[in-house]
Amino acid sequence: MPEGPELHLASLFVNRVCADVVFTGAVEKSEISKGPVVPFASDAYCISAVSRGKEVKLTLTSVTKSKAKADKCQLSMDVVFRFGMSGFFRFTTVEELPKHAHLRFYTNEDPQRALTFVDARRFGSWQPSGSWQRDRGPCVMSQYESFRENVLSRLADKAFDRPICEALLNQKYFNGIGNYLRAEILHRLSIPPFMKARTVLEELELKDEDKTMITEENTENSEGGTRKSKSDLLSLCHTVPLEVVSLGGKGYDPEKRDYTEFEAWLQCYYVDGMNSGDPGPMVPKGFKSPKTKRKIQKDEYDYKCSKKGAKMKQTERILKKETLEKEPRAEKEKGYAAMQHSTVHRSRILTRLGSSRK
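Residue numbers (the working numbering): 1 to 358.
Think of the hints as simulated: they come from the structure by calculation, not from any bench. All values reported here derive from a predicted model rather than from experimental measurement. Any given hint could be a false lead.
Pair ranges (Cβ atoms, derived) [stated by the list, open to error]:
#1 Arg16 / Gly286: 33 to 39 Å
#2 Ser86 / Leu12: 50 to 56 Å
#3 Gly248 / Leu169: 24 to 30 Å
#4 Leu204 / Leu169: 14 to 20 Å
#5 Asp78 / Asp161: 47 to 53 Å
#6 Thr59 / Tyr270: 20 to 26 Å
#7 Tyr259 / Lys285: 49 to 55 Å
Glycine included, every Cβ here is placed at the ideal spot set by N, Cα and C.
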């Protein structure tokens with residue numbers, strides 16, 4: 001599911017591919033989409049983007065050759081997107097439109113191209129003439145100071161009575177944090193996921209009163225080496241997403257070209273054999289951690305051969321069963337044949353005896 005870094009990368013993608021590109025006509029919506037129609041049309045307009053947490057805002061602005069006319073009748077509209085489970089932007093030729101392109105912005109050129117919002121699972125949404133959702137807090141990446149103040153000034157909220165693993169997904173306070181970021185942040189600080197959020201955060205209240213932003217985890221010391229700077233949970237909510245952004249889109253690539261760099265970056269999430277240790281005091285009753293399957297080396301276990309062997313054994317069992325079923329039947333049929341032969345032979349003897357007596 002796209003998180004803060006992926007939506008920020010999406011905004012950078014739109015600004016890059018749409019730079020100096022003029023769009024034209026009406027915004028087109030797919031027939032199967034239940035999203036709203038975007039009531040915007042212009043002979044010439046440009047598109048720019050900005051992100052905030054788990055939202056992206058596209059700004060459509062009409063352009064004219066005459067500056068006088070531009071001052072008088074410049075059209076503009078903001079369209080706010082939320083990506084849901086699988087949303088992303090693509091920029092292709094009209095002939096190569098993606099299958100699940102539910103909103104399309106066409107260029108004023110030949111051959112014509114289109115910026116499209118693609119969403120195969122259709123959990124994403126857009127809002128014409130929209131604005132940032134009011135119940136979402138400041139962005140953990142671009143509004144760090146406001147984000148930190150928003151959390152620490154509201155620790156009395158009942159939202160912080162919940163385990164820290166649940167509180168981190170509350171977009172009212174942690175706008176941009178999702179599943180994999182939550183796992184990586186808690187793992188780096190060795191914080192049990194089911195510890196009360198307020199317990200984890202209240203000790204930070206006095207640490208950053210000067211609102212000093214921590215942007216790097218490693219700093220040079222006087223001897224020329226490196227030492228780890230003191231990071232807390234809120235500072236990692238800022239720096240860890242920025243690490244993903246610095247990968248340059250290789251963690252969340254709409255073209256699905258290469259995920260290896262992102263997979264190498266992960267320390268906890270989806271890592272084979274990972275055990276996070278003590279879950280914490282607020283773990284639900286009856287909770288069982290999912291058992292991770294031991295990674296088997298190629299020289300220890302050949303999956304293809306085992307599949308073939310298992311299939312052969314299964315075939316042998318079926319053949320054996322069929323043979324066992326056939327053998328009694330064959331014996332039974334053999335017995336019937338013997339009885340019939342004996343009866344025929346006996347009748348012939350009796351016939352001969354009868355004829356001899358006569």
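Outcome of the hint check:
1. Arg16 / Gly286: 33 to 39 Å: 50 Å, violated
2. Ser86 / Leu12: 50 to 56 Å: Since Ser86 and Leu12 have Cβ atoms about 19 Å apart, the given range 50 to 56 Å is violated.
3. Gly248 / Leu169: 24 to 30 Å: 26 Å, holds
4. Leu204 / Leu169: 14 to 20 Å: This hint holds: roughly 19 Å between Cβ atoms.
5. Asp78 / Asp161: 47 to 53 Å: 36 Å, violated
6. Thr59 / Tyr270: 20 to 26 Å: 36 Å, violated
7. Tyr259 / Lys285: 49 to 55 Å: 37 Å, violated
The structure does not agree with the numbered hints 1, 2, 5, 6, 7 stated previously, though it agrees with the rest.
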